[in-house]
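Engineer: Sequence:
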Amino acid sequence: AGKSTLIKAISGAVIPDEGIIELDGKQVLFKSPIEAREAGIETVYQNLALSPALSIADNMFLGREIRKPGFLGDWLRMLDRPAMEKRARDKLTELGLMTIQNISQAVETLSGGQRQGVAVARAAAFGSKMVIMDEPTAALGVKESRRVLELILDVKKRGLPIVLISHNMPHVFEVADRIHIHRLGRRLCVIDPKQYTMSDAVAFMTGAKLPPEAALAA
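The opening residue of the sequence shown carries number 1 in the numbering used here; numbering runs sequentially from there.
Fair warning: there could be bad hints in the mix.
Now the in silico label distances, taken between C-beta atoms and shown as ranges [as the list claims (entries may be wrong)]:
(1) Pro82 <-> Arg183: 44 to 54 Å
(2) Arg64 <-> Pro170: 18 to 28 Å
(3) Gly73 <-> Arg183: 15 to 25 Å
(4) Leu72 <-> Val28: 30 to 40 Å
(5) Lys3 <-> Asp74: 35 to 45 Å
List time: in silico DMTMM-like cross-link candidates among lysine to aspartate or glutamate, alpha-carbon distance up to 20 Å [what the hints assert, rightly or not]:
(6) Lys156 <-> Glu144
(7) Lys91 <-> Asp74
(8) Lys86 <-> Glu65
(9) Lys91 <-> Asp154
Keep in mind that the hints were calculated from the coordinates and are not lab data.
Even for Gly, the Cβ is constructed at its ideal location relative to N, Cα and C.
Could you build the full structure based on these sequences and the hints that come with them?
Structural biologist: Structure (structure tokens):
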């Protein structure tokens, strides 16, 4: 359906050949993920983009490390680890994720749900405009998936828009305010989960039923 390609274009991972991307009513063209991040767009990819051997705090600040002030940071490029660990701990606590015992422990020692939590916390900490999540519950069990869905709802309540890419219909209908259904690389329709059922969504995708816009156009 082209969902992953779409989010890569929005997040600057690929440059679109055509079409327009607008942010706050202004046309934007991100040439790299760094540009998208600087604009306030954070993405949680399916592989989480975490470094297993690094600590939780190091992963939270990967690519935007806090350096010590003055000569030590400017010239010797020494990291301000206490500041990074404090901010990481504060954000994890804010999102109810401080079941993790040690903020300095390596990410590879965490469970799948805890790793997903770190990735979501990182996105929520730095995303000011939007957080994009690509199949965040795909490789998780029932309990861990539930915690990730709670995280999504918590971040949404804080006023940060979330774009959730998922094939899991129950999860989508539980957390979404509106659902964009894509087919063959194009948006087929946008539906309100309060007005349509999961069976309706599947019927739209498979062509068994005309989507709302198509029905109106006909």
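Engineer: If a hint holds in the structure, say so; if it does not, say that too.
Structural biologist: Against the structure, the hints come out as follows:
1. Taking 44 to 54 Å as the suggested C-beta distance range, the pair Pro82 and Arg183 conforms, at roughly 50 Å.
2. One distance hint, 18 to 28 Å for the beta-carbon pair Arg64 and Pro170, is violated here, with the actual separation near 35 Å.
3. Separated by about 50 Å at the C-beta atoms, Gly73 and Arg183 break the suggested range of 15 to 25 Å.
4. At roughly 36 Å, the beta-carbon separation of Leu72 and Val28 lies within the given 30 to 40 Å, and the hint holds.
5. The given range of 35 to 45 Å is respected by Lys3 and Asp74, whose C-beta atoms sit roughly 43 Å from each other.
6. For the hint pairing Lys156 with Glu144, the CA-to-CA distance comes to about 19 Å; that is within 20 Å, so the pair holds.
7. The suggested pairing of Lys91 with Asp74 is violated, with an alpha-carbon distance near 26 Å, which exceeds 20 Å.
8. Taking the CA atoms of Lys86 and Glu65, the gap is near 13 Å; set against the 20 Å cutoff, the hint holds.
9. Distance hint between Lys91 and Asp154 is fulfilled; the C-alpha atoms sit about 12 Å from each other, no more than 20 Å.
When held up to the earlier numbered hints, the structure conflicts with 2, 3, 7 and fits the remainder.
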